[in-house]
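J.: Chain residues, written in single-letter form:
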Amino acid sequence: MSSVISAKGLTKRYGKRTAVDGIDFDIPAGRIVGLIGPNGSGKTTTLKAALGLIPFEGALSVLGFDPRTQRDDLMQDVCFIADVAILPRWLRVKDAIDFVASVHPRFNREKAERYIAATSLKPSMKVKEMSKGMIVQLHLALVMAIDARLLVLDEPTLGLDIIYRKQFYQNLLEDYFDEHKTIVITTHQVEEVEHILTDLMFIREGRIVLAASMEEIGERYIEVMVSHDKVSAANALQPIDRRTVFGKSVMLFDAAAHGVSRQQLAALGETRNPSVADLFVATMKGSYA
Amino acid sequence: MNTVTMKWLLRREFWEYKGSMFWAPLAVAALLVVSIGATVVYGLSMHHIPTHVTVNGQTIDGYTVGITLEAKSRIAQVASSVYLAASLPLFGLLTAVVFSYCLGALHDERRDRSILFWKSLPVSDGMTVLSKAVTAMLVAPLITIVLGTCASLLLLLIGCVALAANGINVLGPVLGSPDLYLSPLCLLALLPVYVVWALPAVGWLLLVSSWARAKPLVWAVGAPLVGLLLVKWISVAAANVSGEPLGLMPYAQDVVARLLGGIVPGIWFTFHDGLPHALRPGPDGADVGSLVSGSYATLAHADAWLWALAGAAMLYGAMRLRRFRDEG
Numbered sequence: 003m004s005s006v007i008s009a010k011g012l013t014k015r016y017g018k019r020t021a022v023d024g025i026d027f028d029i030p031a032g033r034i035v036g037l038i039g040p041n042g043s044g045k046t047t048t049l050k051a052a053l054g055l056i057p058f059e060g061a062l063s064v065l066g067f068d069p070r071t072q073r074d075d076l077m078q079d080v081c082f083i084a085d086v087a088i089l090p091r092w093l094r095v096k097d098a099i100d101f102v103a104s105v106h107p108r109f110n111r112e113k114a115e116r117y118i119a120a121t122s123l124k125p126s127m128k129v130k131e132m133s134k135g136m137i138v139q140l141h142l143a144l145v146m147a148i149d150a151r152l153l154v155l156d157e158p159t160l161g162l163d164i165i166y167r168k169q170f171y172q173n174l175l176e177d178y179f180d181e182h183k184t185i186v187i188t189t190h191q192v193e194e195v196e197h198i199l200t201d202l203m204f205i206r207e208g209r210i211v212l213a214a215s216m217e218e219i220g221e222r223y224i225e226v227m228v229s230h231d232k233v234s235a236a237n238a239l240q241p242i243d244r245r246t247v248f249g250k251s252v253m254l255f256d257a258a259a260h261g262v263s264r265q266q267l268a269a270l271g272e273t274r275n276p277s278v279a280d281l282f283v284a285t286m287k288g289s290y291a
Numbered sequence: 004m005n006t007v008t009m010k011w012l013l014r015r016e017f018w019e020y021k022g023s024m025f026w027a028p029l030a031v032a033a034l035l036v037v038s039i040g041a042t043v044v045y046g047l048s049m050h051h052i053p054t055h056v057t058v059n060g061q062t063i064d065g066y067t068v069g070i071t072l073e074a075k076s077r078i079a080q081v082a083s084s085v086y087l088a089a090s091l092p093l094f095g096l097l098t099a100v101v102f103s104y105c106l107g108a109l110h111d112e113r114r115d116r117s118i119l120f121w122k123s124l125p126v127s128d129g130m131t132v133l134s135k136a137v138t139a140m141l142v143a144p145l146i147t148i149v150l151g152t153c154a155s156l157l158l159l160l161i162g163c164v165a166l167a168a169n170g171i172n173v174l175g176p177v178l179g180s181p182d183l184y185l186s187p188l189c190l191l192a193l194l195p196v197y198v199v200w201a202l203p204a205v206g207w208l209l210l211v212s213s214w215a216r217a218k219p220l221v222w223a224v225g226a227p228l229v230g231l232l233l234v235k236w237i238s239v240a241a242a243n244v245s246g247e248p249l250g251l252m253p254y255a256q257d258v259v260a261r262l263l264g265g266i267v268p269g270i271w272f273t274f275h276d277g278l279p280h281a282l283r284p285g286p287d288g289a290d291v292g293s294l295v296s297g298s299y300a301t302l303a304h305a306d307a308w309l310w311a312l313a314g315a316a317m318l319y320g321a322m323r324l325r326r327f328r329d330e331g
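Residue numbers (this note's numbering), protein chains in the order written: chain E, 3 to 291; chain L, 4 to 331.
Bound conformation, chain E alone:
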């Protein structure tokens, strides 16, 4: 089995509105994929379909299972955070650990307890006594201790302060991830995840507008700090985005689309790889209009 998630013509309609519009994609094992898109672009719907939470049209295979009919088998190997801070108010920390430890064959209790020891959570604490950040910490500790083959994280760090967010992604990379696992993340804080991603998928209005590995993106997209005298020459090469930083023009080029070479661009000024956030803004232009 080569791909962990494989979609063909995946479509989801809510009444007349098409949330996901016949998308195709493949996610191989051992990747960390960032699924990035504006609000309402269909990224959460796509993930819900993959997790068997909603009915859909088209073909979708997750770890070889059809999420519509084989969800119970699928959930043995998949874990997800669909939304943070949704633990029930009456749940105690120690009961939560006992419960997950008993129903999940891939749960590692020591690991969960280690994560929780690093927070201010106490075993006898109930969720209703916790701050939002603490609830997220408990949820992440439970999920990170599950040795799932596919982990889906939909906005996992919402409501966490920056120190814990950094710590979480650090743990995810060092402690959790290995070549047999696959992680799919959606988040608004792209800059926090871009250094751990291996692949990017931009989704807009229910369609995938960009799907590539980070290496491919590094080769394809080039940002140039254009010198004053070369602005018109640069404009002629059809940059996909331009902005001005400290009076200097910064232009983004798609080497694949317009046949511009790196050497050509180097002649215009200093070149570098764009950040995912800048690439996202350039790709999504018009989405917020």
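FYI, nobody ran anything at the bench for these hints, they're computed from the structure.
Do not take every clue at face value.
Which stretches of chain E does chain L cover? Using the computed rule of at least three CB atoms under 8 Å from a CB of chain L, they are [to be verified]: (1) 90 to 100; (2) 104 to 111; (3) 272 to 278.
If you only want the chain L side, here are some residues facing chain E, beta carbon under 10 Å, derived [said to hold, decoys possible]: (4) Trp-11; (5) Trp-18; (6) Glu-19; (7) Lys-75; (8) Ser-117; (9) Leu-119; (10) Trp-121; (11) Pro-125; (12) Val-126; (13) Met-130; (14) Asn-172; (15) Glu-247.
Glycine included, every Cβ here is placed at the ideal spot set by N, Cα and C.
With chain E held as given, fit chain L onto it using these hints.
T.: For chain L alone, kept in the frame of chain E given last:
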């Protein structure tokens, strides 16, 4: 089916509803013991030995001077066969607890979105819904039976001690009466009958609980009542047109009674011949055995099983809804 998972799902339900399933009946049981116990002790100590003793509506004549052996054994017989009646308020509470539990069981997790956490674990929707039905039909009644038996035994003991303090020692005969030990077992033996009769109501309430976007109580009670009104209206209209009543009303009332009343313990006696004659307390107390045989006799009617099947179908519907409902 995984028994370990089921055990933890039941435990999960108990954590969530500990207040209504355990603490509330415990508090009521304690209140019963204290209030009835105090009344008995106070009554006996103030007014000394009465000329007759009334236990749960059974009157035994005695003598103020030197109570006869026969009267003593009758007091013991009545006391040991009907002492569990003291726990009746607990079974009333059980009805209310099971009703509100079923309405909340599949609705609350959707309201606070914690369903997304539960569904991220390898626990099937079928197991989850089953665990909730088992909690409603077995766990909650079992807790009530245990607490009710303990409270009743305590009261019986208080009564015996109070009587003994007044010179009538019935503790020996009471302890020697087989009914004392058989009664709690009879309650336990009724549990399967309860399951069969409660299934349609539990199925209906859980179905509404997993279907309603808001206010499951209004839907669960309102929908059958509106249906009942409609049938009434059609019957009246038909009677006006043809002059013949349609005779639908009894059926409609039967449906509503089963959907909403099925969780009331003992409701099964109301659907057919009523309370068996032997059950109506006679001068020798109640015949506890006939309560059990009379209850099982109601299962000889096909409707009990057809409705239980309908209840199971509604549970299946609740499971499918939980499986595919998009919680946004």
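J.: Hints first: check each against the structure and report whether it holds.
T.: Going through the hints against the structure:
no.	hint	result
1	90 to 100	holds (count 7)
2	104 to 111	holds (count 4)
3	272 to 278	violated (count 0)
4	Trp-11	5 Å, holds
5	Trp-18	6 Å, holds
6	Glu-19	5 Å, holds
7	Lys-75	51 Å, violated
8	Ser-117	4 Å, holds
9	Leu-119	4 Å, holds
10	Trp-121	8 Å, holds
11	Pro-125	4 Å, holds
12	Val-126	5 Å, holds
13	Met-130	9 Å, holds
14	Asn-172	49 Å, violated
15	Glu-247	46 Å, violated
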